Structures are given as structure tokens and as C-alpha cells.
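Chains as they are written, first to last, in the UniProt record's numbering: chain R, 1 to 434; chain U, 1 to 306; chain P, 1 to 297.
These are calculated hints, taken from the structure and not from any lab test. These figures come from a predicted structure and were not determined experimentally. Keep in mind that a hint or two might mislead.
If you want the footprint, here are the derived chain U segments under chain P, 3+ residues with CB under 8 angstroms [stated by the list, open to error]: (1) 56-69; (2) 118-124; (3) 155-163; (4) 174-186; (5) 226-236; (6) 258-267.
Derived contacts from chain R toward chain U, CB cut-off under 7 angstroms, selection only [said to hold, decoys possible]: (7) W80; (8) I363; (9) T364.
For each residue, glycine too, the CB sits at the ideal point set by N, CA and C.
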Amino acid sequence: MQRRLILRGAGASAAALTAGSSLTACGTGGGGEMELSDEPVELRLTWWGSDTRAELTEQAIAAFEAEHANITVKGEFKDWSGYWDALATTTAADDSPDVLQMDEQYLASYGSRGALLDLGTAGEFLSTDGIEPSVLETGRLDGVQYAMPIGVAVLSCVVNQDLFDQYGVSLPDGNTWTWDDYAALAASLTEASGGAINGSGLSGSDNGSIRYWSRLHGGELFGEDSKVVLDPQTLAAQWEYWLDMIASGACESAAQMVEGMNAGIGGDGMSTGKIAMGFLFNTQITAMREASGANMQLVKMPGSGEVDANYFKPSMYWSVSSQSEHPAEAALFVDFLVNSTAAADIIGTERGIPSNTAALEHITADLAESDRLAVEYMNSVTPGPPAVVTPKGGSELEPILRRNAQQVYFGEAEPLAAAESFVEELQGEIDAAK
Amino acid sequence: MSATTELRALRGRGVTGKPENKAAFLFLLPWFLGLFVITLGPMAASLFLSFTDYNLLQPARFSGLDNFTRVLGDERLHQSLKVTFTYVLVSVPLQLALALGLALLLDRGLRGLAFYRSAFYLPSLIGGSVAIAVLWRTVFGADGLFNQGLALIGIDGPGWISEPGTALGTLIVLNVWTFGSPMVIFLAGLRQIPRMYYEAASVDGASRSRQFRSVTLPLLTPIIFFNLVLQIIHAFQSFTQAFVVSSGTGGPADSTLFYSLYLYQRGFGAFDMGYASALAWLLLLIIGAFTAINFWASKYWVFYDD
Amino acid sequence: MTDTLAPALVRSAPPGKPRRRAPGNVRCIVKHAVLILCALVMLYPILWMIVSSLRPEDVIFRDPSLILRDLETGNYAEGWGAFADPFSHYLINSTIVVAGAIIGNLVACSMAAYAFARLEFSGKRLWFGIMLVTIMLPVHVIIVPQYVLFSQFGWVNTFLPLILPKFLATDAFFVFLMVQFIRGIPRELDEAARIDGAGHPRIFAQIILPLMVPALATTAIFTFIWTWNDFFSQLIYLTDPDMYTVPLALRAFVDTQAGTNWGATLAMSVVSLLPVFLLFLFGQRFLLRGIATTGGK
Chain R
1 MQRRLILRGA GASAAALTAG SSLTACGTGG GGEMELSDEP VELRLTWWGS
51 DTRAELTEQA IAAFEAEHAN ITVKGEFKDW SGYWDALATT TAADDSPDVL
101 QMDEQYLASY GSRGALLDLG TAGEFLSTDG IEPSVLETGR LDGVQYAMPI
151 GVAVLSCVVN QDLFDQYGVS LPDGNTWTWD DYAALAASLT EASGGAINGS
201 GLSGSDNGSI RYWSRLHGGE LFGEDSKVVL DPQTLAAQWE YWLDMIASGA
251 CESAAQMVEG MNAGIGGDGM STGKIAMGFL FNTQITAMRE ASGANMQLVK
301 MPGSGEVDAN YFKPSMYWSV SSQSEHPAEA ALFVDFLVNS TAAADIIGTE
351 RGIPSNTAAL EHITADLAES DRLAVEYMNS VTPGPPAVVT PKGGSELEPI
401 LRRNAQQVYF GEAEPLAAAE SFVEELQGEI DAAK
Chain U
1 MSATTELRAL RGRGVTGKPE NKAAFLFLLP WFLGLFVITL GPMAASLFLS
51 FTDYNLLQPA RFSGLDNFTR VLGDERLHQS LKVTFTYVLV SVPLQLALAL
101 GLALLLDRGL RGLAFYRSAF YLPSLIGGSV AIAVLWRTVF GADGLFNQGL
151 ALIGIDGPGW ISEPGTALGT LIVLNVWTFG SPMVIFLAGL RQIPRMYYEA
201 ASVDGASRSR QFRSVTLPLL TPIIFFNLVL QIIHAFQSFT QAFVVSSGTG
251 GPADSTLFYS LYLYQRGFGA FDMGYASALA WLLLLIIGAF TAINFWASKY
301 WVFYDD
Chain P
1 MTDTLAPALV RSAPPGKPRR RAPGNVRCIV KHAVLILCAL VMLYPILWMI
51 VSSLRPEDVI FRDPSLILRD LETGNYAEGW GAFADPFSHY LINSTIVVAG
101 AIIGNLVACS MAAYAFARLE FSGKRLWFGI MLVTIMLPVH VIIVPQYVLF
151 SQFGWVNTFL PLILPKFLAT DAFFVFLMVQ FIRGIPRELD EAARIDGAGH
201 PRIFAQIILP LMVPALATTA IFTFIWTWND FFSQLIYLTD PDMYTVPLAL
251 RAFVDTQAGT NWGATLAMSV VSLLPVFLLF LFGQRFLLRG IATTGGK
């Protein structure tokens with residue numbers, strides 16, 4: 001008797017699992033006819049981020065509900081890693097929230113597995129006109145618009161002017177400087193402080209910095225057909241550059257970098273005034289200024305005077321789940337969040353500099369100083385071609401990169417061997433996901 | 001006559017009754033319900049998934065033994081096994097020794113016991129909360145407390161928490177630091193020892209160390225055994241502390257990549273839940289083997305009063 | 001009578017013999033010194049957390065000492081009001097989950113443990129083995145199928161997935177714990193009761209339960225702490241922020257990209273630690289109620 005019970009229990013659960021999953025695969029949000037309902041509709045919206053973001057988003061929800069009497073929106077906030085665990089689990093069980101905040105690294109993993117709604121089918125409710133085509137492109141996979149870019153960010157060099165002043169070093173000219181100039185400046189900062197600080201943070205283990213470096217050298221991280229086209233030689237050269245920086249004391253040690261990375265903004269060397277220069281996305285200057293209390297400034301990336309290697313990275317997107325029972329209302333809500341000045345007034349630059357140009361213009365007059373710096377910086381940058389979206393299976397890009405870079409920085413692996421293994425592992429993940 | 005033999009003499013002969021199936025079934029009813037309705041289904045599902053290629057978002061595809069053959073060539077898995085075994089073999093004995101030692105000290109006969117017990121338990125209370133990450137950085141960071149202490153005696157310590165060579169060590173210290181749970185179980189176990197055995201022993205004129213060896217220790221063996229089994233299982237499954245301290249990376253350079261952390265990274269980070277399920281069942285086999293050895297060995301050293 | 005002095009100790013230092021007392025005192029002082037030193041080392045990080053929660057944000061990571069220069073209570077106000085609901089809301093939610101879990105574990109696990117420790121039934125060893133095996137599988141591969149199951153029950157975004165399983169003794173850890181304790185209780189006691197004509201329910205309720213108060217207290221304390229700190233299952237099952245518990249709210253402060261309000265995070269960590277600490281301070285008295293005080297004849 002009991003054995004039969006076991007089997008039945010197992011069978012039921014496995015059946016449920018496959019049923020849930022197959023619904024995911026074929027259910028694209030109720031088919032062709034998409035229209036707004038007159039009945040009361042409840043939407044679920046989910047995002048990652050801190051308490052500040054939660055507060056602003058709740059206000060935006062209230063403004064949307066005031067405009068649409070029959071729609072209520074339930075906001076669900078999580079921390080970054082919890083967000084992805086919960087999203088994967090609920091999507092697997094066919095119970096995903098309607099509107100999702102999406103990240104570039106996960107976009108293809110969800111989009112090309114059928115978990116996201118093709119926003120083109122909701123064009124009636126969601127306008128894409130206000131967004132520059134090159135930015136809009138970053139939310140598209142194989143010609144399908146799976147995500148609306150919320151805001152854009154661009155890689156920048158952040159300098160702590162207070163430390164420069166304190167040690168009598170003058171700020172660099174971002175329009176002309178090279179990586180050699182950067183190294184010399186960092187070394188002179190370390191020297192001037194008598195070793196109290198390091199001139200630079202240790203870079204080369206995040207996807208922004210290796211993309212920039214490879215584009216500077218005529219390469220790119222991802223190519224067409226889900227190929228990793230990064231030349232291992234280029235990456236190895238970048239790591240060797242940083243190994244020299246560590247050796248000369250111009251930048252922090254590998255251990256300090258790891259400690260700072262785990263701590264995040266607020267606990268890292270930049271925030272605590274132990275390093276004077278580092279690389280961040282321009283929009284992070286607000287958080288950095290707040291955490292450090294120091295006069296942080298943005299300078300162009302080394303080498304940007306010669307090659308337009310920088311690119312606009314969507315800081316995040318809104319997507320609609322393909323499991324949503326109310327795709328029309330969900331699209332309408334995304335439209336409100338991205339395109340309306342009412343939402344822009346509330347959210348400001350909290351999710352990045354608005355991708356909608358009209359919304360950006362609308363709020364430009366009232367920007368706080370750090371936001372103004374971020375916008376000015378973005379306007380000063382001439383971007384190269386848009387970066388190719390991380391393909392499906394590439395969600396492990398950062399972990400693989402970080403691990404290989406750390407092995408190099410801690411002297412456990414040779415740069416070239418580690419660079420080759422990075423490319424190979426990443427390609428392996430992507431191929432396995434096909 | 002040793003106190004142990006006397007103790008054995010005091011034991012009842014035990015009832016050699018017939019099976020009491022009906023009563024047992026009633027007492028076990030909630031557990032059976034939980035087992036069949038809640039526990040076994042998902043377990044069976046994960047066993048099924050371990051033979052599939054399952055990315056969470058699309059239906060699982062049967063892939064035979066692929067996931068299990070993949071285990072052989074997976075270098076990160078081997079690294080995680082190395083990390084996990086080191087962790088289990090070093091931290092469990094240390095933690096249990098400390099817990100037992102302090103439980104004996106804190107059992108009775110001292111002023112302020114309630115305070116000490118609570119103080120020693122406090123670290124276990126914060127468990128895997130986010131605050132742990134901050135605390136451990138403050139203690140074992142490059143400019144942390146530990147290094148400031150070392151500086152007093154002229155040693156320039158490394159950034160313990162972020163050097164591949166020492167990061168695992170800080171997590172072992174963290175585990176030993178939270179020895180409160182086994183300590184509490186030991187305390188409860190000490191309280192469970194019937195007074196009459198001590199009285200009988202002291203009538204025999206046994207010294208205190210003798211009483212410890214012939215009454216306390218044998219009667220505590222079921223609890224020592226319990227703690228050993230459970231702490232080994234927990235240490236093999238250790239996840240939260242490494243996750244919180246390394247921000248989920250298992251870094252630097254995979255030096256704190258616990259088995260469960262790797263399994264989680266595969267399942268949720270890389271959408272590779274089929275393989276993660278296979279890894280989970282492999283871990284179950286490893287833990288099961290350790291537990292079986294423990295139970296087998298317990299025949300030789302654990303003393304039951306029934 | 002909740003606190004007892006061991007007769008052995010009393011005997012080793014008989015009153016009125018100063019010469020024998022002196023070494024006892026020295027031993028006592030040494031013991032205290034060791035314990036206080038240990039306690040200081042153990043507690044330093046926690047004291048640091050408390051002190052830091054009273055520091056301005058930008059000082060927190062620069063000062064590992066315990067000296068408080070400027071007192072900043074703003075972290076508490078900020079943390080308390082950081083989300084749509086005041087922090088007390090999350091404390092209450094956690095309390096509901098924890099209370100349900102404790103009751104469930106006490107009732108269901110003690111019953112199962114009685115059967116395993118005292119009753120003879122067919123397949124006992126097999127069932128015991130199965131119970132142990134259920135402890136061994138990592139939660140991360142169980143959670144997805146379990147979510148599918150509970151969402152079909154319609155339990156998502158309620159406390160049921162967090163509480164109800166405890167009433168079905170799914171925390172086999174505690175069953176095992178109690179089995180070990182019951183096996184330490186002398187059989188003569190139940191045999192005597194049985195001779196008086198008591199059935200199993202009565203032996204369980206009147207003999208075994210009172211004698212295993214330390215194990216029950218241990219179970220209650222552990223259930224409290226683990227449920228109070230449990231992040232993963234609460235994250236998965238509670239979706240609406242109105243249902244959030246303390247660990248979810250605490251984790252929601254953390255954003256390594258846009259900056260974390262560490263002052264508020266530490267302040268609320270202290271707040272959430274307080275009930276657990278008080279419970280332990282109160283509850284540990286029950287650990288002392290062994291046979292020594294209740295049944296020692």
C-alpha cells in the first residue's frame with residue numbers, strides 16, 4: 001500500500017512540473033487579440049533594488065492607478081540574488097509576475113526561452129517612439145522586442161577630487177589620456193600619499209571593463225550567432241596591465257579588490273577613500289557620492305580620445321511575462337513607467353538616466369548635482385556601435401570572468417591560459433543552452 | 001564495581017512485546033502525511049530531473065546518464081568537493097569539542113550561568129543574516145580587527161577573508177564561532193542524566209573525574225552521537241554563510257565554493273537545474289555514506305538506556 | 001525549583017573548611033576569567049554591530065573599534081520607516097510564522113519520535129532510515145517542485161507553506177533529536193505506568209513529555225531561530241510585501257549596485273536580534289528542567 005503511495009506522489013509532482021513548464025513554453029500571453037479589460041484587473045510588478053527604489057516605485061504605482069481606475073498593481077521587491085531565484089522558480093511554476101524588471105545578462109536567457117512577451121504585439125498600448133533606435137535595439141533579440149530599456153548608463157572613470165587635492169595631484173584631461181597616462185597618474189597618487197592610499201582600484205574582472213578594453217582594441221565580447229569573439233590575447237594583455245599595476249602599488253591589491261567587491265558601494269575602497277580612481281557606470285556616481293561623502297567627479301575613459309569604444313548600456317529593462325493574463329494592461333503600465341512625464345517626475349534617475357528622450361528633457365531642469373554630472377558625462381561621450389546583447393546561457397558571464405580574473409590576480413593562473421579558459425567556459429555555457 | 005556496571009544493573013530488561021503497529025501508525029500519522037504529501041513528491045521529482053536537461057523555463061528533456069557522466073570531468077565540482085571535505089573534517093570536530101567543553105563548564109555550579117549561556121549562544125542567533133557579511137569583514141578584512149591585533153605584536157596580516165589561501169579558514173572560524181546549537185543540545189542532554197546515577201556513583205566513592213568518565217560521558221553518548229551526525233550533515237550542506245560572506249560567488253577564485261553553493265549556482269545562476277539535481281543526489285549519497293558509517297560505528301561507543 | 005546545584009559540587013566543597021575552600025575559589029575565579037575572556041571574544045563582533053548601528057553611515061566601515069564618537073540614532077528611525085510598512089509589520093509577520101512553526105514542530109515531531117523510540121512496528125528501521133534521508137537532500141533542488149505543488153494547493157503568498165509542513169513533522173531533524181532524548185529516559189518509568197494500566201497516549205503525555213522538556217525547549221528555540229532567520233523559502237513563497245518577514249525586509253536593504261544603507265541595515269538587524277535574544281534568555285531556563293529537577297527519585 002505504502003509503495004503505491006510513494007509512486008503516486010512522485011508521479012503527481014513530476015506531472016505538475018512538466019505541465020507547468022510546457023505552459024511556459026507555448027503560452028504566449030493569450031494569443032493574438034489583445035485588448036484592455038473593463039473588469040477590475042490586478043497586475044503584479046517585481047523588481048530588485050533597495051528601499052529607496054521601493055518607495056519611488058510605490059509612488060509611481062499610485063500615480064498609474066489614479067489614471068486607471070480598474071487596474072491595481074501589486075509591487076514585489078527583492079534583493080538582486082533573491083530576485084533571480086524567485087523569478088526562476090515562479091516562472092517554472094507558471095506563476096510569474098506580470099511585469100518584470102530585466103537585466104541585460106538575463107534578457108536572452110528568459111527571452112529566447114519563451115518566458116517574455118513580444119512587446120511588438122502590444123504596440124497599441126506601448127509606444128517605443130520616444131526611445132532612440134540604438135538604445136531600443138538593446139532590448140531586441142533576433143528582431144523581437146522583448147524588453148523596454150528603462151535607463152541607460154555608460155562606463156566612466158570616477159575620480160575622488162578630495163584625494164587629488166589632498167595629495168597635490170591635478171586631475172587628468174579625459175580627452176587625451178591613454179592607459180599609460182592612467183598608470184603613471186595612479187602611481188604618482190600612491191607615491192604622493194606615502195602609501196596611505198592606492199591611486200587606482202583593480203579592474204578587469206567585470207564585463208563592462210573587458211568589453212570596453214576589447215572594443216578599444218578593435219574587438220568585441222560577443223559576435224553574431226551566439227559566439228564569444230573576444231580575443232584571448234587582448235584579455236590577457238588587459239590582465240597583464242593590471243598585474244603590473246598591482247606590482248607597482250599603483251592599484252589596490254587583489255585581496256582588497258575582492259573585499260571591496262563583496263562589500264559593494266559603501267564598503268569598497270572607493271567609498272572609504274582608500275583609492276582615488278576607479279571605473280563605474282556614470283549613474284553610480286550618485287550612490288558613490290552619498291556613500292563616500294567625497295567630491296567625486298567623472299572623467300572620460302582612458303583611450304577614449306582615440307577610439308569611440310564606449311557604448312550605452314541599458315541599466316535595466318521592463319519586460320512583460322508571457323504568462324501574464326493581462327498583457328494589454330501590463331504593456332500599458334510599462335508605457336506609463338517609461339514614457340510618461342508623470343512617472344519621470346517621480347522616479348527621476350533612480351533606475352538610470354531615462355531612455356525616453358522626452359522624459360529626460362522633462363526632468364533635466366530639476367536634476368540634483370550628481371545626476372547632472374551623470375547626464376553631462378553621457379552627453380559628452382560619443383558611443384561606438386551598440387554592444388551585442390549577452391546571448392542565452394550567458395548569465396554566468398560575470399561569475400566565470402570574475403573567477404578567471406581572480407586566479408590571474410592571485411597568481412594562480414597565467415593570463416593567457418586563464419583568458420583562453422574564460423572564452424572556452426563561456427562558450428561552453430552558451431552552447432549548452434542552445 | 002564500576003558505576004557503569006551498576007548503571008547497567010539498574011536498567012530494566014525492556015519489554016519484549018509484540019509489534020504495536022496500530023499505536024505506531026497513529027503516532028506517526030502526521031509524519032506519514034508529511035512524508036507522502038509534501039516531502040517525497042518533490043524528492044522524486046528532483047530525482048527524475050537529475051536524468052534530464054532542465055533549464056527551469058522550458059520542459060525537461062530526458063538525457064539519460066549525461067548529468068552523472070558530466071560529474072567526472074567537472075573541475076569546479078572537484079574543487080567544491082575539496083573545499084567541502086576540508087570544511088567538514090576541520091570544522092565539525094572543532095565545533096563539537098568547543099560546544100561540549102563549554103556545555104560542561106556551563107552545566108551547573110557557577111554564578112551567572114544564564115548570562116554566559118546566552119552570551120555564548122548569541123553568535124548563533126544571527127545565523128545567516130546579512131549582518132554576518134559585514135561582521136566578518138570587520139573582523140577578518142585587511143584593515144580588520146584581527147589584523148589590528150596582529151599589528152600590536154608586529155605582524156602585518158593579509159586580508160584573511162579575501163585571500164584564496166585563508167578565506168576558507170575564516171569560514172571555518174565562523175562555523176566554530178556559531179557553536180551555540182550543539183552546545184544547547186549538550187546542555188539539555190546533561191540535564192537529562194538522572195541524578196540517581198551520580199548518587200549511586202558517589203556512594204561507591206567515585207571521584208568527580210571518575211563520575212565524569214563512568215556516568216556523564218556514557219550517558220551523554222547518544223547526544224554526542226546525535227550532534228556528530230547532524231553537524232556532519234549540516235556541514236556538508238553548508239550554504240548560507242559562504243553565500244553571504246562571498247556575495248554568492250564562492251570566491252575568491254573558488255576558494256570557498258561549497259558543494260551546495262556550486263549546486264545552487266548551477267541550478268539558479270546557469271539555469272542548469274537538471275545537473276543541479278544530479279549533484280544534489282550525489283551529495284545525498286555522500287552524506288548517506290557518512291551517516292551510515294556513523295551509525296555502524298555507534299554500536300561500539302554509544303550507550304542507550306533502553 | 002528551577003536552578004539546582006549539583007550535589008557533587010556541594011560535596012566537594014563542604015562548608016566550614018576554609019583550607020579546602022581556597023583552591024575551590026581559585027578554580028572558580030579561573031573559570032570565570034576564562035569564560036569572560038571567551039565571551040568577550042565571542043561577542044565583540046556583535047557589540048560592534050550594535051555600536052555601528054549608532055554611527056553615521058560613512059564611519060561604519062572605517063572604524064572597527066567599539067568607541068562611539070558621535071551618537072547617531074537616525075539609523076533606527078530610517079530603518080524602521082524604510083518600506084511601505086513600518087518594520088514592526090515584518091516583525092509581526094515573522095512572529096506569526098515562527099509561532100506556527102514552533103507549535104507544529106513540538107506536536108508532530110514529539111509524536112513521531114515517541115513511535116520511533118518506544119514502539120515496535122514493522123519496518124521501523126526502514127522508516128527511520130527514510131526519515132534521515134529526507135534531511136540529506138539540499139533544499140535548492142526541492143524548492144522548485146515543492147513550489148509547483150504548493151502553488152497548485154493555492155498556498156503561494158500565504159504563511160501555509162511555511163507553517164503547515166511543520167505540523168506534518170517534515171523537520172525530521174527534530175524527530176531525530178527527540179528520539180535520542182527519549183532513548184535516554186529510563187524504561188522503568190513507562191513500564192511502571194504500563195503496569196498501572198496506562199496506554200501509549202497516556203505514557204506519552206504523562207511520562208515522556210514532562211521528562212523531555214529540555215528536548216522540547218531545544219526544539220522550540222531552534223525552530224524559532226531557524227525560522228526567524230530562514231531566507232530562502234520565505235523569499236520564494238511570500239510575494240506580496242505586506243506578507244514579508246524580517247529576513248526578506250533586511251535583505252531588501254542590500255543593493256551592491258546602487259549602494260546599501262548599511263546604517264539602517266545594521267540597526268534593523270539589532271532590532272530583529274532582540275526578540276530572539278530575549279526568548280533565549282527566558283527559554284534556556286527550560287533546558288534545565290531535566291530529570292534532575294522533575295523526576296529524580
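Here's how the hints hold up against the structure:
{"no.": "1", "hint": "56-69", "in the structure": "violated (count 1)"}
{"no.": "2", "hint": "118-124", "in the structure": "holds (count 7)"}
{"no.": "3", "hint": "155-163", "in the structure": "violated (count 0)"}
{"no.": "4", "hint": "174-186", "in the structure": "holds (count 4)"}
{"no.": "5", "hint": "226-236", "in the structure": "holds (count 4)"}
{"no.": "6", "hint": "258-267", "in the structure": "holds (count 4)"}
{"no.": "7", "hint": "W80", "in the structure": "violated (9 angstroms)"}
{"no.": "8", "hint": "I363", "in the structure": "violated (33 angstroms)"}
{"no.": "9", "hint": "T364", "in the structure": "violated (35 angstroms)"}
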